[in-house]
Structure formats: C-alpha cells, structure tokens
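Mind docking chain B on chain A? Use the hints.
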Amino acid sequence: NAGVTQTPKFRILKIGQSMTLQCAQDMNHNYMYWYRQDPGMGLKLIYYSVGAGITDKGEVPNGYNVSRSTTEDFPLRLELAAPSQTSVYFCASSPWDRDGSFGETQYFGPGTRLLVL
Amino acid sequence: GENVEQHPSTLSVQEGDSAVIKCTYSDSASNYFPWYKQELGKGPQLIIDIRSNVGEKKDQRIAVTLNKTAKHFSLHITETQPEDSAVYFCASRGNQFYFGTGTSLTVIP
Numbered sequence: 001n002a003g004v005t006q007t008p009k010f011r012i013l014k015i016g017q018s019m020t021l022q023c024a025q026d027m028n029h030n031y032m033y034w035y036r037q038d039p040g041m042g043l044k045l046i047y048y049s050v051g052a053g054i055t056d057k058g059e060v061p062n063g064y065n066v067s068r069s070t071t072e073d074f075p076l077r078l079e080l081a082a083p084s085q086t087s088v089y090f091c092a093s094s095p096w097d098r099d100g101s102f103g104e105t106q107y108f109g110p111g112t113r114l115l116v117l
Numbered sequence: 001g002e003n004v005e006q007h008p009s010t011l012s013v014q015e016g017d018s019a020v021i022k023c024t025y026s027d028s029a030s031n032y033f034p035w036y037k038q039e040l041g042k043g044p045q046l047i048i049d050i051r052s053n054v055g056e057k058k059d060q061r062i063a064v065t066l067n068k069t070a071k072h073f074s075l076h077i078t079e080t081q082p083e084d085s086a087v088y089f090c091a092s093r094g095n096q097f098y099f100g101t102g103t104s105l106t107v108i109p
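Chains A and B, in that order, are what the protein sequence lines are.
Per the numbering used here, the first sequence starts with residue 1, numbered consecutively.
Per the numbering used here, the second sequence starts with residue 1, numbered consecutively.
Derived from the structure by calculation, the hints contain no laboratory data.
There could be a bad hint or two in this list.
[Claimed, not checked] Here are the computed lysine to aspartate or glutamate pairs in the EDC-like style, where the Cα-Cα straight-line distance is at most 16 Å:
1. B/K37 / B/D59
2. B/K71 / B/E2
3. B/K37 / B/E83
4. B/K71 / B/E56
5. A/K44 / B/E5
6. A/K44 / B/D49
7. B/K68 / B/D17
8. B/K68 / B/D27
9. B/K42 / A/E72
[What the hints assert, rightly or not] If the Cβ cut is set under 7 Å, some of the chain B residues that face chain A in the computed set are:
10. P44
11. L46
12. Q96
13. T101
14. G102
Where a beta carbon is used, it is the ideal one built from N, C-alpha and C, also for glycine.
Okay, chain A solo, but in the shape it has when bound (with noise of 0.2 Å):
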C-alpha cells in the first residue's frame, strides 16, 4: 500500500493564478480531509469527505474547492490564488469510527508546500 499520496511536493504561484492539488488514497478509507498548516501553528481543517460525492467545510473553507469523485481522491482546487494561502497542505485519509460518528484514526500524506507571491 502506498498509503496517502500528494502531489506536487512544492510549487510556487502567481497571484491570481489557479491551481489544484492532488491526493489519493488506497485504503479503501471512507473519510478524507484537507488541511493547512502554518508556521507555528496547528492544523487548520479546510474540507472534508466522508465518502464519494460528499463533501463538506471545515475550519478555513474559504478559497478552496473540493470534489469527491471516487473513494481513492480527493482533488483540493484554489481558484484565485493569495499570499495568505501560502502554506504546507495536508491530505488524510480515515476509515469509519467503531460507533460511526466522525473518522477516527487518520493517516496523512507527505504534504505539499505552495508558495503564493
């Protein structure tokens, strides 16, 4: 299994520019989420799914888009980009909780570090 996958490892954008990151998972995991994470800081929930054709915000939604087509990806979309979006962005991946409420156990992709100037 390779697990969680992200590409690219790094890229820079222009302001204004569109760009999307891709992930993938091959755990056959339901829950996938989308994360931020700043210098110093925690991690910031951006999007979440917890299956093929669901999505939803989390914490920071704004100025990002997702989709879930199949269970294997979940494609992250920055529409226009800005300097505050610079940042390192994490994929994970989990399965359903034991009682079914929100994903348990996460499992997290090597990150991709954007650069917005």
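The following block gives chain B in isolation, referenced to the frame of chain A:
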C-alpha cells in the same frame, strides 16, 4: 468551535528523562483525543490515542492520560531517546478534528 491549547511550545530534555506535553480542550462533546508526531518534512503520524470513556492508555514508552472533568489530556514519554525529537500535536474530535499548535521536543544525547 473547539479550542485546543497545547503547552509547552518547546521542550528540551536529556536522553533518558521523561517528557510531558499537556493539552486542554473546550468542547465537552469531544470524545476522541489522538496524539501525532511530525518529523521534519513529513506528515503527522499517529502515535497514541484515547477515547473519552478511558482515563489512561499506555503503549511501551508512551502514555496518554485524560481528565474529562478538567478537560485536559497529556502525553507522557518515558526514557526519551534522540529519535523522539520531533514536533508533537494533540487533537480533539468533536464535530470535526481540532489540533493544538504543537510542541517541539528535543532530546539531548
């Protein structure tokens, strides 16, 4: 939403000593509390977790304690080794996951 506070932000210990990292949370509905270790340039990795119906959990040199009444939980690492050096994050799960701001642990050989 939930507010998770983590202390200290940096911690240095001598090899073989113990390290303790503490977190507090605000949402009484939170019911799951994982701890993650993040090495430089990598994604966080789960090292131990605890559910709200358990007060303590141990896995070899790592233990987590939970005090639901006081809304705080702690990570304990005993017999620290240089490879324990990393950033550690606590998190709580209510309607979603909320993370602490991290503790940079340095184990001095």
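Tested hints:
Only pairs whose Cα atoms come within 16 Å are accepted, and B/K37 paired with B/D59 is accepted, the gap being roughly 14 Å. Restraint check: the Cα-Cα separation between B/K71 and B/E2 comes to about 12 Å, which is no more than 16 Å; the hinted pair holds. Restraint check: the Cα-Cα separation between B/K37 and B/E83 comes to about 11 Å, which is no more than 16 Å; the hinted pair holds. Taking the CA atoms of B/K71 and B/E56, the gap is near 14 Å; set against the 16 Å cutoff, the hint holds.
Annotation: proposed proximity of A/K44 to B/E5 holds, straight-line Cα distance about 14 Å (limit 16 Å). With a CA separation close to 19 Å, the supplied pair A/K44 and B/D49 exceeds the 16 Å bound. Proposed proximity of B/K68 and B/D17 is contradicted: the alpha carbons are some 27 Å apart, above 16 Å. Distance hint between B/K68 and B/D27 is fulfilled; the C-alpha atoms sit about 10 Å from each other, no more than 16 Å.
Restraint check for B/K42 and A/E72: the C-alpha separation of about 21 Å exceeds 16 Å, so the hint is violated. Interface hint at B/P44: satisfied, since its Cβ lies 5 Å from the closest Cβ of chain A, which is below the 7 Å cut-off. For the restraint placing B/L46 at the interface with chain A, the shortest Cβ-Cβ distance is roughly 5 Å, inside the 7 Å limit, so the hint holds. At a threshold of 7 Å, the smallest CB-CB gap from B/Q96 to chain A is about 6 Å, leaving the interface hint in force.
For B/T101, the suggested interface contact is upheld, since its CB lies about 5 Å from the closest CB of chain A, less than 7 Å. Residue-level restraint check for B/G102 holds (minimum Cβ-Cβ distance to chain A is 6 Å; threshold 7 Å).
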